[in-house]
Amino acid sequence: MNILKTMKKSTRSNLITYGIVVLFYLVMQLLSSGGLLSNSMQGMLVPICTYVVLAVSLNLTVGILGELSLGHAGFMSVGAFSGAVFWMIAGQSLPSVLGLAVSMLIGGVMAGVFGFLIGIPVLRLRGDYLAIVTLAFGEIIKNILNAIYLGWDSNGFHFSMKDATSLNMGEDGEVIINGAIGISGMTKASSFTAGIILVLITLFVVLNLINSRAGRAIMSIRDNRIAAEATGINVTKYKLMAFITSAFLAGMAGVLYALNMSALAAKKFDYNTSILVLVFVVLGGIGNIRGSVIAAAVLYVLPEMLRGLNDYRMLIYAVILIVMMIFNQSAQVVAWRHQVWEKLSATGPLQKLARVKKQTKGEA
Amino acid sequence: MKKAMSLVLAAAMAFSFAACGGASGTSGATSTASGAASTTGTASGAAIKIGGIGPLTGGAAIYGNAVKNGAELAVEEINAQGGLQFVLNFQDDENDPEKSLNAYNNLKDWGMQALLGTVTTQPCLTVAPETAADNMFLLTPSASAVDVIKEDNAFQVCFTDPNQGVASADYIADNGLATKIAVIYDSSDAYSSGIHDKFKEEAAKKGLEIVADEAFTADNKTDFSVQVQKAKSSGAELVFLPIYYSEANLIIQEMNKQGCTATVFGCDGLDGLLTIEGADTSLFEGVMLLTPFAADAQDEKTQNFVSKYQEKFGETPNQFAADAYDGVYTILAACEQGGVTADMDASAICDALKTAMTQITVDGLTGEGMKWEATGEVNKAPRAVKIQNGAYTAM
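Chains as they are written, first to last, in this note's numbering: chain U, 7 to 370; chain X, 5 to 399.
Hints were generated in silico from the structure; no laboratory data involved. Accuracy of the hints is not assured; some may be wrong.
Derived SDA-like pairs (lysine to any residue); straight-line CA-CA distance at most 25 Å [said to hold, decoys possible]:
hint	chain 1	residue 1	chain 2	residue 2
1	X	K154	U	M330
2	X	K316	X	K154
3	X	K204	U	M167
4	U	K194	X	T379
5	X	K209	X	S238
6	X	K154	U	A234
7	U	K194	U	E180
Go ahead and model the full structure; you've got the sequences and the hints to work with.
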């Protein structure tokens, strides 16, 4: 307890965030080993990890860098497709853990490269303009991936934007990306453990970046770009740093997502997915990493939990989103929450507990 | 204070997860365990649990709802007949592979013993390998890609995309409809591009000349003036549209505007043209399509189905509803053939149905004497219809 108290405030807060993730993992593993976990919940564990990583990485762009990005699904799809192509060609012959790790790394690096390429022109724009360009990027990537035909035989890659027959492959050829149908027939490799490790890595990278010198520079750009520039901060460099990190992590999440299913199509990565992740970020609190983790997990599970309501499912989901938004962000409600909390803590059991603790300490 | 609160919240979250996971998990476990013990106890215990997955919301909802309605109708009829009893649980997947997988897991928790689905192709490509791993019987009414039935537990009621492409080219060539053909298709759609690729191959074999090959994508499907212009200037006698009816409607309108008089030929996706509200159906005169089902066919079975469907759901059934209706009856026939009873588990049922499927012959709405190969492909004759006087006429 003493160590916890003398710790820096940010370190303690970060540890709590890691703790939540680890606790979640342990509880799920415990339930699963006891056979208490439903199929439905088991199937959702990996997607939860994916969306948590996506939300945390988007929060880096939206909350910490302060730029609205609507093309996060684009980076996810670049990662997903490059990772999945590697997995189809070489990864499946590697030991599964190594194959998954290398696929993820390739997916992440490819998404990072795209982040860099997009970032150079885009980060010169501000506000709405940046949002629109990232939105366009996501859509362009989706449409390109929809039109790609990629085959693999003993001579190497065959590539076409027309149709599968114009690949001209040899006898042993195998179509990997089949246009709009995408990739199918993958063996699955993602596991909950891999997902949780990726979440922890993401948290480690993002939280440490935020608390570092670079992170403070990034936040200073968010708060006042002119002042930051005047103090000698290289705005482009730090903006790119945040943007690329965000893209890299989204790419890794994309690979986790892709290898959790046996088929992958570009259609999934449209602006709806980008907006969905943005909703997680906004509801969890912009700039609040722990909020993103919790919001992504809860909001992903929610529509599945509401399946019993049949036709009213999506209606109720929308209502819950609105209520959560008001509860979390509306100034009046926040003030009211604080009031209630203070009242509770002044007279409530928690305060009593604290007093008792103090007394016992004094006696000791 | 804030920290304490977040800790409490975190704990609450973890517990709520545990609670939901635990609760549904145990209920799933008890239902499967007691399923065998108390089959005679409850009505639902004695019925074979059929799961359905399809888009009930979103852009493809029209297909999912049609399948759901068609299947419901068939299940009601079967249960009224006595004999084997079915219970249907249809879940929404929003035409999203990821949601489809969630829906599948959800149905597994419910204790599903056979799956009628999924309705659309893309989700089916994701769900089918899962069913193979679980050894769960899968019969899709309308997912038409070849890869869907790659595993031996998966069967189709509809034609595969390549079959439709080949059948279309054969039909056009054998009946001498045209030699110069323009194709307009949706390159971002698996169904459309699947038919297109095979059609092109077969057309070359049959000596048909494709004079224009124009694509559009799902994001770009409101203005077809360029594609129609190209088709017109290429001198095509026939425009082949392996697409869905809403886009076909726009293309036909554009053709009319530009004075393009080529014949229009399509696949089962064009079924629905006549039901578009507010459309000028006189433009559709002479449109030909290959469809397994026409709502105003004169045979007793179809008329019976259509009148019942209209009475119950207040709309004219389309081909998807008919596919689903046939699908449920196919499962019934296979269950009877394979001696399946409600107290068998999903894996045993799957094994029995796999062999039974290749032995049965079903006379359905979408084809007489439907038979299945072990590959999962259906064998039935394609039917072509022509729109005349605002109604389908057999050709």
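Going down the list of hints, with the structure as the test:
{"no.": "1", "hint": "K154(X) x M330(U)", "in the structure": "44 Å, violated"}
{"no.": "2", "hint": "K316(X) x K154(X)", "in the structure": "36 Å, violated"}
{"no.": "3", "hint": "K204(X) x M167(U)", "in the structure": "16 Å, holds"}
{"no.": "4", "hint": "K194(U) x T379(X)", "in the structure": "23 Å, holds"}
{"no.": "5", "hint": "K209(X) x S238(X)", "in the structure": "21 Å, holds"}
{"no.": "6", "hint": "K154(X) x A234(U)", "in the structure": "59 Å, violated"}
{"no.": "7", "hint": "K194(U) x E180(U)", "in the structure": "18 Å, holds"}
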